[in-house]
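> One-letter residues, chain by chain:
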Amino acid sequence: ILNVEQSPQSLHVQEGDSTNFTCSFPSSNFYALHWYRWETAKSPEALFVMTLNGDEKKKGRISATLNTKEGYSYLYIKGSQPEDSATYLCASPDTGGFKTIFGAGTRLFVKA
Amino acid sequence: EAGVVQSPRYKIIEKKQPVAFWCNPISGHNTLYWYRQNLGQGPELLIRYENEEAVDDSQLPKDRFSAERLKGVDSTLKIQPAELGDSAVYLCASSRGLAGGTDTQYFGPGTRLTVL
Numbered sequence: 001i002l003n004v005e006q007s008p009q010s011l012h013v014q015e016g017d018s019t020n021f022t023c024s025f026p027s028s029n030f031y032a033l034h035w036y037r038w039e040t041a042k043s044p045e046a047l048f049v050m051t052l053n054g055d056e057k058k059k060g061r062i063s064a065t066l067n068t069k070e071g072y073s074y075l076y077i078k079g080s081q082p083e084d085s086a087t088y089l090c091a092s093p094d095t096g097g098f099k100t101i102f103g104a105g106t107r108l109f110v111k112a
Numbered sequence: 113e114a115g116v117v118q119s120p121r122y123k124i125i126e127k128k129q130p131v132a133f134w135c136n137p138i139s140g141h142n143t144l145y146w147y148r149q150n151l152g153q154g155p156e157l158l159i160r161y162e163n164e165e166a167v168d169d170s171q172l173p174k175d176r177f178s179a180e181r182l183k184g185v186d187s188t189l190k191i192q193p194a195e196l197g198d199s200a201v202y203l204c205a206s207s208r209g210l211a212g213g214t215d216t217q218y219f220g221p222g223t224r225l226t227v228l
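Residue numbers (my numbering), protein chains in the order written: chain A, 1 to 112; chain B, 113 to 228.
What the hints contain is simulated information worked out from the structure, not anything from laboratory work. You can trust all of the hints, since none of them are fake.
Here are the computed lysine to aspartate or glutamate pairs in the DMTMM-like style, where the Cα-Cα straight-line distance is at most 25 Å:
hint, chain 1, residue 1, chain 2, residue 2
1, A, 99, B, 169
2, A, 99, B, 165
3, A, 99, B, 175
4, A, 59, B, 215
5, A, 99, B, 186
6, B, 174, A, 94
7, A, 99, B, 156
8, B, 127, B, 175
9, A, 57, A, 17
10, B, 123, A, 39
11, A, 99, A, 56
12, A, 69, B, 215
13, B, 190, B, 168
14, A, 57, B, 215
15, A, 99, B, 198
16, A, 99, B, 162
17, A, 99, B, 215
18, A, 99, B, 180
19, A, 58, B, 215
20, B, 123, B, 198
21, A, 42, B, 186
22, A, 111, A, 84
23, A, 99, B, 168
Sample of chain A residues lacking proximity to chain B, with all beta carbon distances greater than 10 Å (derived):
hint, residue
24, 61
25, 70
26, 111
Virtual Cβ for every residue (Gly too), placed ideally from N, Cα, C.
The task is simple: from the sequences and hints, build the whole structure.
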């Protein structure tokens, strides 16, 4: 079964800091890589879906890159704000492309 | 567009009691998922429906868990009897059912279950 790993498990930064975290996945039989943001007491929200090696996606101050050959994706947040505090989940479909395997998430705390 | 609706948001029960969770997906989404998220872990798929058919229930503990999606719209997940280890967040999600792994899932807020 596919194993998706995220690091670090948690991260504490000051407002204004830029930060990044990693998602690792098996590079064989790759379909897609999804990033979600999950704020406390809210629904997980889709950020990006990435499919192509070298792909880069951007949404405001958040961006993500993808390396399918080595099996990793980075999520970057530029100038972190307290409202960025959330758990960031990455996920990748298993064999067949339908069953989604989630990482354990990186929990980000941004202090004002 | 209304999002995925789940109820209840929180539930506290004694062990051995039954519990049920309800989910109403986004209109037009054929695929519905139930996930369980244990503390410190990512969501794990319990069951996936395509319309009213359960196409992947391999991770559903069938001795105590059951699910249904009558008429291919809303869904209910039941646990009977609940055990202490069932304490978790239960998430429902829906999607359009696109092939190829690019299907974005839209999540409800989850039900936080505590079994005492």
